[in-house]
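Can you make the complete structure from the sequences, with help from the hints?
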Amino acid sequence: MAWLIAVTALTATARAHQAPNSEAYLDFQADHVELEVVIPAAEYAYASGHRVGQDDAAHAQAQRYLADTIAANGGGGLWRTQVERLAFITQDGSQDLIATLSLTPQDPADLRDFTLNWRAVIGAVPDHFVLVMLRRDPATKLGDEPDVIGTLRANRTALAIQRGAAHPWMPFANAVSLGAGHILGGVDHLAFLLALLLPLPLIARGARWREARGGRPTIRSAAILISGFTLGHSATLLAASLGGLTLPGTLVEILIALSVLIAAIHAIRPIFPQREALFATLFGLVHGLGFAGYLSSTDLSVARNIGTLIGFNFGIELVQIAIALAIVPALVTIAATRAYHWLRSGLALLCAVIAAIWVVDRYFGLAETFVTLFEAVVETGMILVFFGVLTAGVIVIARRTIADRPRLV
Amino acid sequence: MTRLLRWPLFSLLAVVCLSLLQWAMQRSDSHPAPAFAMERPAYGPATYGDLVAVSNQRLALSLDRIKRTPDEWLPHAGAGAAALSLFRLTGQIAYLDMADAQVAEVRNLAPMPSGVPELRAELYLAQHDLAGAARELDILSRGSVPPDTQTVSEAAAMRGDLALYTGNHDEAARLYREAAQIDSHISVALRIANLQRVSGAFDDAIATLASATQTDKHTPVVLSGIALQTGMIASARGDYVTANDWYDRAETLFPGHWVTALYRAEGRLANGQTQSAIKDLEKLAREHARPEAMDMLALVWRVQGDIARSQIWAKKAGEIWRTWAGRYPAAFAAHAAEHELVFGEVTQALRLAQINAKARPYGEARLLLARALIANDRPRAALREIGLAEQSGWRSAQMFAIKAQALTILGETDAATAATDTAWSINPKINDPVTRLIWLAHG
Chain A
28 MAWLIAVTAL TATARAHQAP NSEAYLDFQA DHVELEVVIP AAEYAYASGH
78 RVGQDDAAHA QAQRYLADTI AANGGGGLWR TQVERLAFIT QDGSQDLIAT
128 LSLTPQDPAD LRDFTLNWRA VIGAVPDHFV LVMLRRDPAT KLGDEPDVIG
178 TLRANRTALA IQRGAAHPWM PFANAVSLGA GHILGGVDHL AFLLALLLPL
228 PLIARGARWR EARGGRPTIR SAAILISGFT LGHSATLLAA SLGGLTLPGT
278 LVEILIALSV LIAAIHAIRP IFPQREALFA TLFGLVHGLG FAGYLSSTDL
328 SVARNIGTLI GFNFGIELVQ IAIALAIVPA LVTIAATRAY HWLRSGLALL
378 CAVIAAIWVV DRYFGLAETF VTLFEAVVET GMILVFFGVL TAGVIVIARR
428 TIADRPRLV
Chain B
6 MTRLLRWPLF SLLAVVCLSL LQWAMQRSDS HPAPAFAMER PAYGPATYGD
56 LVAVSNQRLA LSLDRIKRTP DEWLPHAGAG AAALSLFRLT GQIAYLDMAD
106 AQVAEVRNLA PMPSGVPELR AELYLAQHDL AGAARELDIL SRGSVPPDTQ
156 TVSEAAAMRG DLALYTGNHD EAARLYREAA QIDSHISVAL RIANLQRVSG
206 AFDDAIATLA SATQTDKHTP VVLSGIALQT GMIASARGDY VTANDWYDRA
256 ETLFPGHWVT ALYRAEGRLA NGQTQSAIKD LEKLAREHAR PEAMDMLALV
306 WRVQGDIARS QIWAKKAGEI WRTWAGRYPA AFAAHAAEHE LVFGEVTQAL
356 RLAQINAKAR PYGEARLLLA RALIANDRPR AALREIGLAE QSGWRSAQMF
406 AIKAQALTIL GETDAATAAT DTAWSINPKI NDPVTRLIWL AHG
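Residue numbers (my numbering), protein chains in the order written: chain A, 28 to 436; chain B, 6 to 448.
The set of hints was computed from the structure by calculation and includes no laboratory data.
From the three backbone atoms N, C-alpha and C, an ideal C-beta is built for every residue, glycine too.
Misleading hints may appear alongside valid ones.
To be verified - A short list of chain B residues far from chain A (calculated; beta carbon distances all over 12 Å):
1. A47
2. T74
3. A106
4. N173
5. G205
Unchecked claim - Computed from the model, here is a short list of chain B residues facing chain A with C-beta under 10 Å:
6. V351
7. A354
8. I379
9. N381
10. P384
11. D437
As the list claims (entries may be wrong) - In silico negatives: residues of chain B with every beta carbon more than 10 Å from chain A:
12. D105
13. D250
14. D285
15. R307
16. S315
17. F348
18. A364
19. A380
Printed below as a string of C-alpha cells:
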C-alpha cells in the first residue's frame, strides 16, 4: 500500500500559479512624462485594502493610493505627480486598475534622467513585480514599441530612468513613422484613396464610365489627385495643430465617412468627372482635421512643432505615394480588360457599404461588439483588396505577355 | 471574366482540398478515448478512515511485537514500514519521526547487510535524500540472499524515481520498464504515467492509467489514486471541468482522503465554485491542519482582495511549514519555498528553493527555483534553470509561462512570445485568471 500512497504523495507537492504582475509604460511628452500603469485589480484590493468598483468613491480611493505610492524625482527635486485618468477595466476575464499619471518636473529643462519611486502592491505582495517599459520618447527612440527598462519589486522600490542620447533627427523620424502608421492603420483614408483611384483609368461619357484612357493620362490624373489631397489635408493639419482651428471631432469623422461614400458612388457612376482632384482637395481639408485630431489624442509633442508636423505629413505622403505607385499601374492594366467593369463596380460598392456603416455608426453609434468585429473585417478586407488588385494586375500582364509571344510554327 | 478568375478559383479550390485533407488526417489521428475499468471492488479498505484504521492496527501489532522482543530487528522494521505508510497516508510528520526512529533501531540491531535496506531506501526517498536511498539500494543489490521478485521490481522502480528526481527522464523510463518486466505491478504503471505526464505526453499517460485499470482488479485506494492522476493530467491541459469530474470520482471510489479533498477544492476553484471550495478548504484546515489547504485559502482570499483573511491563513500555514522544514529541510523545502514566495520573504524563498533543487534537481524543483530567482531579480539565472528543466525532458505549460516571464523581464520579447505560445499550446487556459488558483496540479 505504501507505494501507492508514495505515488500520490509525489504528485501532491506544491506547484502554484504565477501571479500576474503590474506594468508601467513611460511616454515622454514635451514638458512631462506620462505614466500608464496597469495593476491587477485583485492585487490592488489586497495591497491597499480598498474596494474595487466603478463608483466615484472607489475611484477616488484608487487615485489617492496611486498618488501616495508612485512618485518621481530628479534634477531639481521631487516631481509633481497627478493622476489624470483612472478606471477598473475587465478584459479576458481579469480585472485591472488602469491609470494614467503625469510626472512633471519643476523645471521643464529637468525632463531628463529621473528616478521612479514605486510602492504600490509590491510592498504587500512578495512575488509581485512591476515591469517598467519605455514606450515613447520622441527625442531618443524610434517608434512606440515598449522597451523593458527594468523591474520594481519589494526589495527594489526605485528605478533610475535614463534617457538615451537625444538625436536631432529622431523627433522628425518618429513623426514620419507616426504619419505612415496612421495612414496604414486608418482604413477610412485608404478606402477614400481607393475609391478615388478606381475610376481614374476610365473615360466618363453619358453618365457612365466607358473605355480605358491609357496609362499616361491616368498616371497624370493620379499625381494631380494625390497632390490635391495632400494640399487639402496639409492645410487643415497645420491650421488645426498650430493655428487652433477646430471642428467637433464627431462632425469631422462623419464628414470623412461621407467623403468615402461620395467617392465610392462616383466610382460606380460619374458624379464629378474630371474634377476628382478638386473633390480630393476639398475633402482633403476634412481628412486633415482628422489627422490633427488623431495627433492631439496621441502625441501632442508632434502637433506643437512645425518640423515634426511636416514629418507626420511626410509619412502620410510616403504611404500614399507608395500605394499609388503600386496600385495605379495595376488598375491601368486591368482597365484594358472587360473584367474591370465588375472589379470597379464591386470594389466601389464595397467601399460604399462600408462608408454607409461608418456614417451610421459615427452619427448614431452602433453596438460596440458589432463595430469591433466590423472594423477587424474591414481592415483585413482592405489589405486583401489591395493585394487582390495587385495580383490581378500581374495576372493580366502575364497573360498578355504569353499571348504576345511569337508562336513557333 | 471567367478566364480571369480561373486562377484565383483554382487557388481557392486548392485551399479547400488542403483543408479537407487536413481534416481527414486529423480524423485518422484521433484515437478513441482510452477506456477505464473503475468498478469499485468489494475488497480492500473502502474509505480513508478504514485504511487509517487498518494501518494503525498494523503499527500497533508491530509495536506490540517490539514490546515482547525488543532486541529483534524485524518487529522494528515492521513498525517502521507501518509508520512510513501512515506518514504517507495522513501526512502527519510524527509518523515520519517514528519511521525514522524505528529504522535507526533496525540499523542498530541488524547485522550488516541485513535489515531491510529497501525500507531504508523508501524512508530516504520520503526524506528527499537521494544519495541515502541510492546507497541502500546498492546494499540491497549486494545481499547474499536474493530478494523476492516484488522487492527487486520495487528496487528498480525506486532507482527510476532517483533518475527522475535527478532530472534524467530517459534513465527513469528505462528503469521503470525494467521494473515492469520483473513484476508488472500497478505501482510501476502509476510511476510510468507520472513520468509521461511531467514529460508532456498526456495521451500516453492516460493510456497507461487506463490500461492499468484493465489488466488487474484494484483496491478502492488504488482506483482513487488513478482517478486523481487522470484529473491532474486534465488540469495540466487546462480542461478544468474534466479534472473536477475525475477528482469527484476519486472521492466516490475512496471517500474521505484529505489529498482528494484538496484536489476537489482546487477543481472547484478552477471552475468558479469559490464558496464551496472555501468551505471544503476550511474544513481541511480545521480537521487535518493541512498547511496546503491554508495556503490555498490565503491565496483565494488574496485574489478576492481580503487582506485580513488572507494573512490569517498565510500566517498559520507559514508556522507549520517552518516547523516541518526545520525538522526535515529537504523534504519540506519545496512547500516552504512556495509559501515564502507567495506570502513571505522572497530571499527566504530562494534559500529554500535552492535546498530543494540541490536535494532533487529535477524539473519541478528547477521551476520553483527559477520563480524564486525571478522574484530575487535574477531572470538570467532563472532562464538557466528553466533550460536545464527543458533539457531533462520536463514539459509543462507552467514551465513555458515562467520562461516567457523571465524573457519578458530581459526584454527578449520575440522569444517571450514564442514561449507564451508554447505554454498556450499545452494549456490554452494558462493565462486565465482561474489558473492562478491551481495550487497543486499545474504540472
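> Can you name, in rising order, the numbers of the hints this structure does not satisfy?
Replying inline: Structure breaks hints 15, 16, 17 and 19.
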